[in-house]
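Okay, here's what each chain looks like letter by letter:
There are 4 protein chains.
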Amino acid sequence: MMKLTRLFSRNQLFEQIVWKKAGYVGHPLGSHPFSSNAGISDSTQNFTRTVTKNAGGRVFASYHVYKGKAALSMEPCMPTFTKVESGNFIMDRRGSIMLTFAPAVGERKYDWTRKQLFALSATEIGSLISLGPRDSCEFFHDPGMLSSTAGQVRKSLAIKAHTDGNGYFFSLNVVNKPQNTNDYLSVPFTTGEFSVMKTACSFALPSLLGWDRVTNPNLGVGSVFQPKKIDREALSLEWER
Amino acid sequence: MMKLTRLFSRNQLFEQIVWKKAGYVGHPLGSHPFSSNAGISDSTQNFTRTVTKNAGGRVFASYHVYKGKAALSMEPCMPTFTKVESGNFIMDRRGSIMLTFAPAVGERKYDWTRKQLFALSATEIGSLISLGPRDSCEFFHDPGMLSSTAGQVRKSLAIKAHTDGNGYFFSLNVVNKPQNTNDYLSVPFTTGEFSVMKTACSFALPSLLGWDRVTNPNLGVGSVFQPKKIDREALSLEWER
Amino acid sequence: MMKLTRLFSRNQLFEQIVWKKAGYVGHPLGSHPFSSNAGISDSTQNFTRTVTKNAGGRVFASYHVYKGKAALSMEPCMPTFTKVESGNFIMDRRGSIMLTFAPAVGERKYDWTRKQLFALSATEIGSLISLGPRDSCEFFHDPGMLSSTAGQVRKSLAIKAHTDGNGYFFSLNVVNKPQNTNDYLSVPFTTGEFSVMKTACSFALPSLLGWDRVTNPNLGVGSVFQPKKIDREALSLEWER
Amino acid sequence: MMKLTRLFSRNQLFEQIVWKKAGYVGHPLGSHPFSSNAGISDSTQNFTRTVTKNAGGRVFASYHVYKGKAALSMEPCMPTFTKVESGNFIMDRRGSIMLTFAPAVGERKYDWTRKQLFALSATEIGSLISLGPRDSCEFFHDPGMLSSTAGQVRKSLAIKAHTDGNGYFFSLNVVNKPQNTNDYLSVPFTTGEFSVMKTACSFALPSLLGWDRVTNPNLGVGSVFQPKKIDREALSLEWER
Chain S
1 MMKLTRLFSR NQLFEQIVWK KAGYVGHPLG SHPFSSNAGI SDSTQNFTRT
51 VTKNAGGRVF ASYHVYKGKA ALSMEPCMPT FTKVESGNFI MDRRGSIMLT
101 FAPAVGERKY DWTRKQLFAL SATEIGSLIS LGPRDSCEFF HDPGMLSSTA
151 GQVRKSLAIK AHTDGNGYFF SLNVVNKPQN TNDYLSVPFT TGEFSVMKTA
201 CSFALPSLLG WDRVTNPNLG VGSVFQPKKI DREALSLEWE R
Chain V
1 MMKLTRLFSR NQLFEQIVWK KAGYVGHPLG SHPFSSNAGI SDSTQNFTRT
51 VTKNAGGRVF ASYHVYKGKA ALSMEPCMPT FTKVESGNFI MDRRGSIMLT
101 FAPAVGERKY DWTRKQLFAL SATEIGSLIS LGPRDSCEFF HDPGMLSSTA
151 GQVRKSLAIK AHTDGNGYFF SLNVVNKPQN TNDYLSVPFT TGEFSVMKTA
201 CSFALPSLLG WDRVTNPNLG VGSVFQPKKI DREALSLEWE R
Chain B
1 MMKLTRLFSR NQLFEQIVWK KAGYVGHPLG SHPFSSNAGI SDSTQNFTRT
51 VTKNAGGRVF ASYHVYKGKA ALSMEPCMPT FTKVESGNFI MDRRGSIMLT
101 FAPAVGERKY DWTRKQLFAL SATEIGSLIS LGPRDSCEFF HDPGMLSSTA
151 GQVRKSLAIK AHTDGNGYFF SLNVVNKPQN TNDYLSVPFT TGEFSVMKTA
201 CSFALPSLLG WDRVTNPNLG VGSVFQPKKI DREALSLEWE R
Chain Y
1 MMKLTRLFSR NQLFEQIVWK KAGYVGHPLG SHPFSSNAGI SDSTQNFTRT
51 VTKNAGGRVF ASYHVYKGKA ALSMEPCMPT FTKVESGNFI MDRRGSIMLT
101 FAPAVGERKY DWTRKQLFAL SATEIGSLIS LGPRDSCEFF HDPGMLSSTA
151 GQVRKSLAIK AHTDGNGYFF SLNVVNKPQN TNDYLSVPFT TGEFSVMKTA
201 CSFALPSLLG WDRVTNPNLG VGSVFQPKKI DREALSLEWE R
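Which chain is which? The protein sequence lines are S, V, B and Y, in order. Here UniProt numbering is used: the first residue of the first sequence is 1, the next is one more, and so on. Here UniProt numbering is used: the first residue of the second sequence is 1, the next is one more, and so on. Here UniProt numbering is used: the first residue of the third sequence is 1, the next is one more, and so on. Here UniProt numbering is used: the first residue of the fourth sequence is 1, the next is one more, and so on.
Hints may be right or wrong, so weigh each one.
Given that identical chains are not distinguished, each listed pair holds provided it fits within a single copy or across any two copies.
[Said to hold, decoys possible] In silico lysine-lysine, DSSO-like type, Cα no more than 30 Å apart, as pairs:
| hint | residue 1 | residue 2 |
| --- | --- | --- |
| 1 | Lys83 | Lys67 |
| 2 | Lys198 | Lys83 |
| 3 | Lys198 | Lys67 |
| 4 | Lys109 | Lys83 |
| 5 | Lys177 | Lys160 |
| 6 | Lys67 | Lys160 |
Please keep in mind that the hints were generated in silico from the structure rather than gathered at the bench. In this text the structure is predicted, and so the values were computed from the model without any measurement.
With the sequences and hints as input, model every part of the structure.
Structure, rendered in structure tokens:
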């Protein structure tokens, strides 16, 4: 596998090429819910099948931060809408920013088959984008919430400022009781990387609330995935794994 | 009725599902001016009828904050435009952010039939989005202003920073002399919730001024409600109740 | 003429209605370069005629601040583009934010026939939106710059923070040597009004640079006014008067 | 050549006219990669030819800052996308903000044939837009990175706050070993100019990440250049010279 110089992290322009040339155990796109890669895990197959019926034309774009012990990928998950009698649409489910963590398994080598997901809600994004340079916050999710599996899997995401104020740690802890696992994945962000995340999340937030479609009805909701029935798995992509 | 764990407020993704499963006295969408629900109040029927003629395709999306004593819902109300001789359009009436308060009538149960409205003007939004973490502001509205009913209903909205700088109280007081009522509804916002509101309002503000349609004529004004005659009730959705 | 209560400035929603009911000496829209009102001044007729040929469909929307001694209206003036051989477009002239001042001639009565214009450039907007709560700045324009009339008319716009940090004064001074006039128009802005202006100008700035059309080619430039020949008057709307 | 008064920098509106009237050694648009000017260098011909096949309709717009010793022009370079089996698109290569420096060769005269390029990555833009009024940062690029020419050309861009906090210096140093040259180009930015750059870069950043196309699939990727094969030169516009 090709080895990168320290310049790598300074010229993100080349990042994508490098990933293509290098051989990996899994890939952030490889198990993407909307991709048609063979490596997709069984638990998401139903969901993927539904989406494959979609006419296409959607765009998938993640912002990645690759560090020594883990990598973090993030991308917006759009809200869904329901048509009402009048021919108008009402937002059904708010969007989120999906964070995907993967552990490093060698120098600049990440195992995306062992990924862990964390979907930031609108309010959590609000907390994140208002963090001062020495602030911290922590969010707790239970993918089984409101179901018989409540409490079986507990996820906590801590965002902690570096002590010198130059960046943050994104640390995800996932305790899975049935599988008796306890995963901890931590990715340091520089000030620049956090600034990209803040700017991108601030941009996406009105869309996650559906407000961009209120101010611009031309956007339409046709291209936004609308499940026929309320499907627990579709409702929480965090279940994917 | 289903009881939620404390995780509820942390994972807004599940909020909408929960609301659908629970039984409520009224619903934020139930008496929405653009919905066709039966529970709509008489005073808004004329307005609703007008809008029903609309071809549809609009999107309605609110940001809700549910707390112990009351809930607050907010969404943009777009400006209206008038066609002039040249075939061009001039903004007729600025848009606003409509705040809807509803009192709690039990644990996580809100009575939306007793809602109170407050339409934030562009300048009031400007005040709100420039509030520092320890600032406060207060706005006064008289829905009967400039008419024979002036002074009969007085509304004041106070936005006050928590003493520890971690969030704000949104408190609406409505004094209705003819009905001899004095309603007080207060909803605490966390820093994250206020940050969502600030970001969403900053996003919507140029649209409320019509500037998004100046910079992008493709947006059109066709989908924006244009009353044939100046209708007091249409002009102030605050009258709805 | 109808007299307004102090609530007027608090509920901008009603502003437009009031203006229509009241009788004025001139009107911000009355002498708008793109309107077809009879009251338009001779000096702008050529320019207006050119624009009238336009197919229509444009939207005009100003943000107004009405105060005791003067009123200030602002709106974006979009950039112009030139088609190059390849079928692509290159920005020809940057856009600006046009400020229009009018003196008060009675209680809440403004004489828009005596308006004074000041077109904020991109860099001037940059200065304005980065002003701290106690900062000030001043801009100087010479509409005759680079021509034989250089120095005949001198305009200076001062934006000065209130001493208590709660808002700013926008003060325009226009010295016209040929007409031997010296006009001074000053409008105080509250923190909320300045925040609206900052948010709206920040929103418009990428459009004034043409960057919204770089990131979204669908916007097109067809609806953007493109003068056939370089026309001094079209190039500086400040000449209008 | 026409001489400009100090008012020049204050009224950017006239900037473009002036440039057209004046005679220059080269022009920022003259050697633009997408233009069809004869003066384009051999090394970019392949790339240019590919783009010429494009149906046209794109918009090119730069923000320029002209100072005593050098000029700096900046514009967004959009990301590219790859179509996947499902008919959807995945971002292939992130966009960047291309900075172009040119040395002054006389009073307000710049030699764009001696331009130097520096493509700011998303993360570098993040650093730039989060700079405080007294902060500084430095970026290092090696256009030959990952190839046999690694280390032959070294570029460093320093952004340093003025000691009084009123603006920044943008200083580019390019050491080219094979050509035995060492170019240093420095452009001071006022607070207003830096604010324009920050606002424009913050606006463009979500587009450079492809997130605008995630939230609005209508934007399409058809107009975004998609190279058939991974072409080193196309991948780094910095090679152009």
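Each hint, compared with the structure:
For the identical chains of this complex, Lys83 and Lys67 are inter-copy neighbours only, at 28 Å across copies versus 43 Å inside a copy, given an alpha-carbon limit of 30 Å. In this homomeric assembly, Lys198 and Lys83 come within 30 Å of each other (Cα to Cα) only across copies, at 28 Å, whereas the closest approach inside a single copy is 32 Å. When the C-alpha separation of Lys198 and Lys67 is checked against a cutoff of 30 Å, the pair qualifies both within a copy, at 19 Å, and between copies, at 27 Å. When the C-alpha separation of Lys109 and Lys83 is checked against a cutoff of 30 Å, the pair qualifies only between copies, where the shortest distance is 25 Å, while the shortest distance within a copy is 45 Å.
In this assembly of identical chains, the alpha carbons of Lys177 and Lys160 lie at most 30 Å apart only when taken from the same copy (26 Å versus 43 Å across copies). For the identical chains of this complex, Lys67 and Lys160 are neighbours both inside a copy (16 Å) and across copies (27 Å), given an alpha-carbon limit of 30 Å.
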